[in-house]
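> Taken in sequence, the protein lines are chains C and S. In my numbering, each residue carries its 1-based index in the first sequence increased by 175. In my numbering, each residue carries its 1-based index in the second sequence increased by 6.
I should point out that these hints are in silico values taken from the structure, not numbers from a laboratory. From the three backbone atoms N, C-alpha and C, an ideal C-beta is built for every residue, glycine too. Mixed in with the good hints there might be a few duds.
[Stated by the list, open to error] Pulled from the structure, derived: some chain S residues nowhere near chain C, Cβ distances all over 12 angstroms: (1) G136; (2) Y148; (3) E153.
[Stated by the list, open to error] Calculated cross-link-like contacts (lysine-lysine; reagent style DSS-like; alpha-carbon spacing at most 25 angstroms): (4) C:K304 to S:K80; (5) S:K80 to S:K24; (6) S:K114 to C:K302.
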Amino acid sequence: MVTVKINGKEITVADNTLILEAARDAGCEVPTFCYQADLMGLGSCRMCLVEIEGQKKLQPSCITPVLHGMSILTDSSTVTAARAGVLEFLLANHAMDCPVCDKAGECELQDMVYKYGPAKGAHAETKFKFHEKDYVLSPVIIKNSNRCVQCTKCVRVCREVVGVGVLGSVGRGDHQEETSFLKGLLDCDQDGNCIEVCPVGCFMRLPYRYKARQWDLKSADTVCPYCATGCRMVIEERDGVVVRARAQHGVGVNSETLCSRGRFGFDFIGNAERLTTPLVRKDGVLVPSTWEEAVAVIKENLSAFEGSRIGGVASPRLTNEELYLFQKLFREVLGSPNVDSSARWDSSGVEAFIKAAGMNEGGVSVFDCMDSDAVFIIGSQVSEENPVTDYIIRRISSGRRMNLVIASPRAMKLDSSAQTVVRHNPATEGALLKAIILTLNENKLSVSAGINAIKETKLTDCVASSGVSLEVIKRIADGLKNAESISILVGTEFLRFPEGIDGLDLLKDVCRKSLGKKLRILPLLDRCNQRGAWEMGVHPGFGTGYRAIAGRGMGTHAMLEAATRRGLDAMYVAGVDIASMYPDAGHAREALSALKFLVVQDMFLTDTTRLADVVLPSSAFAEKDGAFTNQEGRVQTIARLKNPPGKAKRDGDIIRAIGQSFERSFGPDNASLVFDEIRREAEMYKEVSLVFNNKRNIDNKLDNKEALVKASSALARGFSAWNGGAPSSEETGDYPFTLMTGNHLFHSGALSSNSASLSGLLRAAVVEISNEDADEMGVKSGSLVRVKGMTHESDMKVIVRRGSKKGVAFIAENFADTPVNRFFSRGRSGARVSITRLG
Amino acid sequence: MSEIFSKVKNEIAAVLDKYPNGRSAVMDVLRIAQEANGGHLTKEALGEIAALLDMRPVEVNAAAAFYTMYRIQKPAGRHHIWVCRNISCSLLGAEHIIAYLERALRIKTGETTADDKFTLSTAECLGSCGTAPMMQIDDDYYENLTESKIDEILAEKGLK
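Extracted from the complex, chain C is given alone in its bound form:
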């Protein structure tokens, strides 16, 4: 610890603290442009100059660490004069077009000139101009370099946080311009973090251009509705239209970062295609109706069926409160145990996953995970599914020594941060994990029951089926052995292919019990409230808070099976497009058509709503209050910014209205009362704090542990393990590729397809293959190919990814025009396909 004096006030701070941080700790204001807590220090803007007694020259406080006994002045006359001087020079070439600049009103340069600047500039020279007109850098980014202050935060965030490095500082001196390769269109992640860090109006959102003034905006503090990273963001509206989403420095796990989906994907809210009125099927056609009639039709029809012959599927994008009410409606009012929250994966796999990942043991902070000696990411294309988790991992892993291992069939951006990258065959996570366990067990670990179970498994078989060399497996095993603390980040591939889960479960036991390691497991999920949906009990195998329930119900998979056999009469689907997302389009459609009665509540007319008897228009996240539980188990609230369009209602109100048509007392009546009931019902949520610490916290404490769900004691037992086993080997002859699916960087599910900005980034499905395969076939990114499976074929463009596993093809799951689920059969999200070049 070091004691220094700042403006006469003594303060003790840790060694190597920057003067800037010490001064801010002491409550002294120091203005900056180029400083950003998470980025490499630069000291180039000179705004933060301070006087150190005994030194003649002023020092940049953002790169100078404190020394014991320093006496620092942050507002002496020399310092103030220097600041004014710096600003005068920054304005020498500044465009000064504030009246037409999108940044006006929230511009750091404006604010600083107002506060510290000279009233007049002495520069009489003609201003240097980079260009006359603003230029478009990407479909979402537009640039005006004449406003640049050359802080290079955009360049650093692009390289150090996002990890793409497509921006650079081109030119020198006052002619230095932060831009792309020869000012060309950016081939990047389109996340706009450069816009967010820009202190002036140099990088700007193209979709927001000239839309509003900052002071005309009404804002709400909320959580991103895409993946389960749970990024905190602010959404802003003008005249009832949401025009912007932004992140705030120091708020939420994401701090100032968002991905393309979070920053630009909100525009589905204002999509003109939104459903605005209830529809009821009359004489085979869906016609506009009233809420009274729609609810009456639902009551009349559902009353006719036995509870066990009704099924419900609710979207993992609804709030905890809505999901809680949904399962309550089914279990307590309709008397049905059949509830599920996903069309994509099987409910028994989910149960095994929750057990293996230890989700009932409470929340796990991603920052604690990144504090481990070894971090092992498996079953997740994290750079695309959870982009901001990728930023967090990259940023922290570059700053400290750790052994980062990434196992995935497809190459990803985060590979460059890893010590070991493993390319295994698709759907062989289990074999890979077992190979690691058997290698760890070479020296006969204290034999636990779990290891006995795979004693018969041969290491060579596991190695062969995973397609990874023994040497690499040994290296991973050594890495785990040499680490004191281990974190495993497990993704949704385990849910698509649940046969890998027992490997994960076993590795957990081996690490904890046999090797005595401190182990954390963090699930990486791809829907904002998937964890919440499970914890609210929207699952056929357990109730709210993973509580054991009396009779098991049917999951989506079983419901669809039952429907085709006439074993299920009715379904109520809230926000899930089963027909497009269930892995077997034909089967899903056939099953839904076989139902006697189908109610679908959604924001858009989807393939599923087209089959419905009653369609209920629902709401976007910006139109309601409630809470999401992110993948870590962090419970965060979303806030209502505007009202739903037309006669659309909030999902919670719809569920409540249906419930009340059966039982007048069905409730509770509003989100906060529902949450109180959740606290009573689910031990994990009892002490969770929903207090939003929404101050701009300069000490960058992003890890608000009060919001994490607690461990649940009652429920560890009762989870059934996955017993499906791996499918028998599939035919490979004519179909040399294994087709995988998942989320694309710009797209995930129904929301992104309805976002004009995201569709502008990628409109149609593309098939991604490895560079080896591409070279063999003689195709390049952009070539047209035919993807042919046993049940379906489709023509699309190819994208070549360097470093992916040979023989692996990938098509994102959300494109309505090229539904990847037509390639799949009976719930299995994998298929063999052939790819041939066209033309």
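Please arrange chain S on chain C, whose structure you already have, making use of the hints.
Coordinates of chain S only, in the frame set by chain C:
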């Protein structure tokens, strides 16, 4: 690899040997590529250099843009004239020399003559203050300049 690069393949390989990694060789490789391409760097060349040295294209762009001796996407004439305009040369009439050259070549600073023979640029200190005013044409220095000396030099270089 493009035609230009295959022509100087050995030269590039020799340069790469001198540096600890590809990245650190960027300036030499840029120089070789520019010479091989007749005095300027194309977009394709920058892209190829980036791939060769395992750098991001914009980083190569930035390195090239930082130094005045690299020309990006702007073909230069057969002879490139750099007139020093730093303090010593300026005190001894660099501005006058520049103006004279502009008149003689009938172009402005930064431009290339219509017959693609000459490009006129100014340079910061070329390190020959003792012989100011001076200029550099291609790889040679021309010192203690006067108007008549310039006429001679330009005639020798083929100005009609």
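> When the hints from earlier in the document are held up against this structure, which numbers fail?
When the structure is compared with the hints, only number 5 turns out to be violated.
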